[in-house]
Every structure is written in structure tokens, then in C-alpha cells.
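K.L.:
Residue numbering for the sequence shown follows this note's numbering, starting at 9 and increasing by one per position.
For the record, the hints were derived by calculation from the structure and aren't laboratory data. Any given hint could turn out to be false.
Restricting the straight-line Cα-Cα distance to at most 27 Å, the calculated cross-link-like pairs of lysine-lysine (BS3-like) are [claimed, not checked]:
(1) K91 - K61
(2) K91 - K23
(3) K83 - K23
(4) K83 - K61
(5) K83 - K57
(6) K57 - K23
(7) K61 - K88
(8) K57 - K88
(9) K61 - K23
(10) K88 - K23
Derived DEER-like restraints, expressed as beta-carbon distance ranges [stated by the list, open to error]:
(11) G30 - A54: 37 to 43 Å
(12) M9 - P89: 36 to 42 Å
(13) D45 - V66: 20 to 26 Å
(14) A29 - K61: 15 to 21 Å
(15) G30 - Y59: 17 to 23 Å
(16) F60 - L90: 30 to 36 Å
(17) K83 - R47: 33 to 39 Å
None of the values given here were measured: they were computed from a predicted structure. Even glycine gets a Cβ: it sits at the ideal position worked out from N, Cα and C.
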Amino acid sequence: MPFDEQVHRTFDFVKAALAVAGCTLDDVVNCECWLTDPRDFVAFNAIYKTYFKGDPPVRSIFPMRFNFACKVEIKVTAYKPLKG
Numbered sequence: 009m010p011f012d013e014q015v016h017r018t019f020d021f022v023k024a025a026l027a028v029a030g031c032t033l034d035d036v037v038n039c040e041c042w043l044t045d046p047r048d049f050v051a052f053n054a055i056y057k058t059y060f061k062g063d064p065p066v067r068s069i070f071p072m073r074f075n076f077a078c079k080v081e082i083k084v085t086a087y088k089p090l091k092g
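Generate coordinates for the entire structure from the input sequences, incorporating the hints supplied.
P.N.:
This is the structure:
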């Protein structure tokens, strides 16, 4: 699967996981990303910007050499205050 498709698919999984918790990408306060190929950074950054409106959350990007099944992995932390 091409890199850009993997990034979009990974964000789809992230959005689905957030929805289970009653959250959206708007609630994300931290994002950790791993790329197997650092040459994909520019493409990743362009795609990343399309998922966050306004100020994006704090982000860290790390090289990942041990994962051979995918080119990108994303972990987010969301914060949504309880109502009431």
C-alpha cells in the first residue's frame, strides 16, 4: 500500500478509536508518530496538516526501524473535560 494511503488509513483507525471514547481529533492534545523512512516526513507533514484545524496538537516524530508491516504508526492522547 502506498505511503499516503497508509497515513490516511491510520488516521481513520485513530478517529474510530477516539469516537469510542466520545472524542474527535479536536480533542487530541498530543500526537506521537513513527515513520519507517525519514524521507516520508514531508509527505507525512502535508497529510498531517489536513487532519487538524487551527493549531495542531503537540507532535513528536520518531524513526522506526523494527516495523516491517507498515510505514507509519500514530499514537494520540486526547483530553475532553467531563460535563457537569
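K.L.:
Each hint: holds or not?
P.N.:
Structure-based check of each hint:
no.: 1; hint: K91 - K61; verdict: 23 Å, holds
no.: 2; hint: K91 - K23; verdict: 21 Å, holds
no.: 3; hint: K83 - K23; verdict: 11 Å, holds
no.: 4; hint: K83 - K61; verdict: 18 Å, holds
no.: 5; hint: K83 - K57; verdict: 16 Å, holds
no.: 6; hint: K57 - K23; verdict: 15 Å, holds
no.: 7; hint: K61 - K88; verdict: 17 Å, holds
no.: 8; hint: K57 - K88; verdict: 21 Å, holds
no.: 9; hint: K61 - K23; verdict: 14 Å, holds
no.: 10; hint: K88 - K23; verdict: 15 Å, holds
no.: 11; hint: G30 - A54: 37 to 43 Å; verdict: 29 Å, violated
no.: 12; hint: M9 - P89: 36 to 42 Å; verdict: 37 Å, holds
no.: 13; hint: D45 - V66: 20 to 26 Å; verdict: 23 Å, holds
no.: 14; hint: A29 - K61: 15 to 21 Å; verdict: 20 Å, holds
no.: 15; hint: G30 - Y59: 17 to 23 Å; verdict: 19 Å, holds
no.: 16; hint: F60 - L90: 30 to 36 Å; verdict: 23 Å, violated
no.: 17; hint: K83 - R47: 33 to 39 Å; verdict: 22 Å, violated
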